[in-house]
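Asker: Given the sequences, and given the hints that come with them, work out the whole structure.
Residues in the sequence shown are numbered from 199 upward in steps of one, following the working numbering.
Worth flagging that the hints you see were computed from the coordinates, not collected in a lab. Please note that the accuracy of each hint is not assured.
Unchecked claim - Straight-line Cα separation of at most 20 Å, EDC-like style, residue types lysine to aspartate or glutamate; simulated pairs:
(1) K427 with D392
(2) K342 with D306
(3) K342 with E241
(4) K274 with D240
(5) K342 with D392
(6) K274 with D263
(7) K257 with D224
(8) K438 with E472
(9) K435 with D380
(10) K307 with E267
(11) K438 with D450
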Amino acid sequence: MGQPALNQYEPVRFSRIYSLGAARGDLVVTNDDIAGPIDSSDEWIQRRTGIISRRRASKNVSLMDMAVEASNIAIKRAGIDPSEIGAVIFSTITHPHQTPSAAALLADKIGATPAPAFDVSAACAGYCYGIAQADALVRSGMAKYVLVVGGEKLSDFLDPTDRTISFLLADGAGAAIVGPSDTAGISPTVWGSDGSHWDAVGMTASLLELRDGESGWPTLVQDGATVFKWAVWEMVKVAKQALEVAGVKAEDLAAIVTHQANIRIIDELAKQLEVPSGVVIARDIIYTGNTSAASVPLAMDALLTSGEVKSGGLALQIGFGAGLAFAAQVVVLP
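Answerer: Written out as structure tokens, the structure reads:
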């Protein structure tokens, strides 16, 4: 008698994003509100970043609060029951506990238990990493629906006197439901990392250094020149490759949704890609700020909510940041 063949999941051919949900910090923080500690001005911040104001959360509003809000909106819009969710992926760098995962708690709070749940630590590329994983899970047959969340409360990890990054940072969460589709809704993902620039964006100290009294509370810091150069010159290559593997051209797109890092980076990427005038460029950073893993879903949701783009069009989404890490894919707008 031979060894029995193992059963396998029944794969599906395609997946798509069914819906999005968004939650932003409850406070509107202007440039004038934060200019003093960095000896700056509204004009200087706008010129360097494009930001007029950013959304931050009150002390009593947690990362989890925003993630739950965004997730519940996405679930309702998708028209599914939380019990149907087959996996929860939470991309964040600001969960205040190293373990257990934020995703496990989120799954419980939205009624998705006992779905498998795990965190992704890929900073500003994290949401696009999550979409890549959700696409694979759905098409492999391991999960029918996957919840992907990118969420941050960056205000918990900033030094208000830091001139490298603090004035960029904001709070929020964006969520997506990914599920099976009759047609292709998510292209192959172009993703990767470059650890040779590991220290270009990161924390001022480790928890071990804090424990040993060698540093204060760890906060975010960056080498702006290195990040700008890498984002502009390397990410345009990634964006072009993502379009190529998707089998589309820039003129086929309805929108380009990049990580909302800095308006100068966003505009330079669009210029390098030679984006036609009819393609909408997401500039959610102007009134939201840089929300790291949350920025791509928040920006896409804003375009859809405002009517600037319509459901069914194509969008190139690309996340990039600390690691340095990057990911890009073309998706059908939900």
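Asker: Next step is simple, just say for each hint if it's right about the structure.
Answerer: Evaluated hints:
1. Restraint check for K427 and D392: the C-alpha separation of about 14 Å stays at or below 20 Å, so the hint holds.
2. Restraint check for K342 and D306: satisfied, since their Cα atoms lie roughly 18 Å apart, inside the 20 Å limit.
3. With a C-alpha separation of about 49 Å, the suggested pair K342 and E241 falls outside the 20 Å cut-off, and the hint is violated.
4. Annotation: proposed proximity of K274 to D240 is violated, straight-line Cα distance about 39 Å (limit 20 Å).
5. Taken as a hint, the K342 and D392 pair is broken in the structure, with Cα atoms around 33 Å apart against an allowance of 20 Å.
6. Between K274 and D263, the direct Cα distance comes to roughly 17 Å. Compliance with the 20 Å bound is thereby established for this hinted pair.
7. With a C-alpha separation of about 10 Å, the suggested pair K257 and D224 falls inside the 20 Å cut-off, and the hint holds.
8. Note on K438 and E472: the hinted pairing holds, with a Cα-Cα distance of about 11 Å set against a maximum of 20 Å.
9. For a cut-off of 20 Å, the pair hint linking K435 to D380 is broken: about 30 Å separates their Cα positions.
10. Proximity of K307 to E267 is assessed by CA-CA distance (about 10 Å); at most 20 Å being required, the pair is judged to hold.
11. With a CA separation close to 13 Å, the supplied pair K438 and D450 stays within the 20 Å bound.
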